[in-house]
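Enquirer: Taken in order, these protein sequences are the chains called A and B.
So the first sequence is numbered by the working numbering: it starts at 1 and just counts up by one.
So the second sequence is numbered by the working numbering: it starts at 196 and just counts up by one.
Bear in mind the hints are in silico, worked out from the structure with no lab data behind them.
Mixed in with the good hints, there may be bad ones.
[As the list claims (entries may be wrong)] In silico EDC-like cross-links for lysine to aspartate or glutamate, where the CA-CA straight-line distance does not exceed 16 angstroms:
(1) B/K203 with A/E50
(2) B/K237 with B/E312
(3) B/K203 with A/E41
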Amino acid sequence: MDVLKEVGNIGAGHAATALSKLLDKPVDMLVPKVRMVPFEEIADSVGGSEQIVIAIFLRVVGETPGNLFFILTQDSAKRLLKNLVGLDVVDEENYSEMELSALSEIGNILAGSYLTSLADFTNLNMSPTVPSLAIDMAGAILSYGLLQFGQMGDQALLIDTKFLEGNDAVEGHFFLIPDPESFEKIFIALGVHTP
Amino acid sequence: MIQDNLIKVGMADLNVAHMTGVLKTTGLGSCVGLTLYDARAKVAGMAHVMLPSSDIAREGTLNIAKYADTAIPELIRRMVGLGAVKSRMEAKMAGGAQMFAFAGNNDTMRIGPRNVESCKDQLKAYSIPLIAEDTGANYGRTIEFDCETGILVIRSVQQGVKEL
Chain A
1 MDVLKEVGNI GAGHAATALS KLLDKPVDML VPKVRMVPFE EIADSVGGSE QIVIAIFLRV
61 VGETPGNLFF ILTQDSAKRL LKNLVGLDVV DEENYSEMEL SALSEIGNIL AGSYLTSLAD
121 FTNLNMSPTV PSLAIDMAGA ILSYGLLQFG QMGDQALLID TKFLEGNDAV EGHFFLIPDP
181 ESFEKIFIAL GVHTP
Chain B
196 MIQDNLIKVG MADLNVAHMT GVLKTTGLGS CVGLTLYDAR AKVAGMAHVM LPSSDIAREG
256 TLNIAKYADT AIPELIRRMV GLGAVKSRME AKMAGGAQMF AFAGNNDTMR IGPRNVESCK
316 DQLKAYSIPL IAEDTGANYG RTIEFDCETG ILVIRSVQQG VKEL
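Please work from the sequences and hints to get the whole structure.
Expert: Below is the structure:
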């Protein structure tokens, strides 16, 4: 588990640096949490199953497939848009095409940076698919990432990294949920025996 | 609205109610929330179905609430235990969305519609009529079923509140 934590740390470290460059502001990152989480609890880290979040989802393909989510609260998304592209969100019920596209691109850059550093570190081939964006209940969004696990049991491996802009105005989460068959490969790549 | 008689149904979970009580499950994406109701006996059941078929299950101990083909028979069994009669049962369902448009793997992408189809096949096999549904599209839903009235309330971020 410590190894996976380190994996999450490195990925998120690079993503945080990328975000910090984009924003031209310091971005802090919390030590990732790596846990086997019951399905029910996975949405709790972002405020519960019914909490409305903005999610950019990428399927990870390659040697160790999995699901990667970049999750923002509504407030964080507004701040990101304002700071990065100077867009003031007028109507948070209906984001404009421009706003959605900007958010999707931000998510894509950060997730890409997260994945690239993981791939470099583990020497495993991991590439992202085209990102998809959804604004909806956290439970509905994240359950999508659990389907592969659903065939195995009622818990999923979650690598959760939270980062914050200097004044806590922008809070984001990376959820990496590797497919069940990916763990072993990640462990082997890191020279650790499977638990 | 504060309800002290709320019965929570988790993901890949099922539960039943008798006389009073409101069955609730939150954040349905590609999962299907299926309800069965015997209005005469006032017995209701709800399942939060995650996958279409237990054939693909690789887990050691099968969670029967998770799959359409195992959850529905179990729901019927538990409701009959509370005095419901199968021939009087009527079904409603919601969920089965496709949350993401370009989500790689085709099989996984179609899981919402497949969950819906599989639930319908099961209902047909048990001769239980499906009297209302709000399925598909690309948004999440939270549902509540009132055992007293038989009304299914569906909430979503984009579409507001609907009653079936």
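Enquirer: Identify every previously stated hint that the structure contradicts and give their numbers, smallest first.
Expert: Those not satisfied come down to hint 2.
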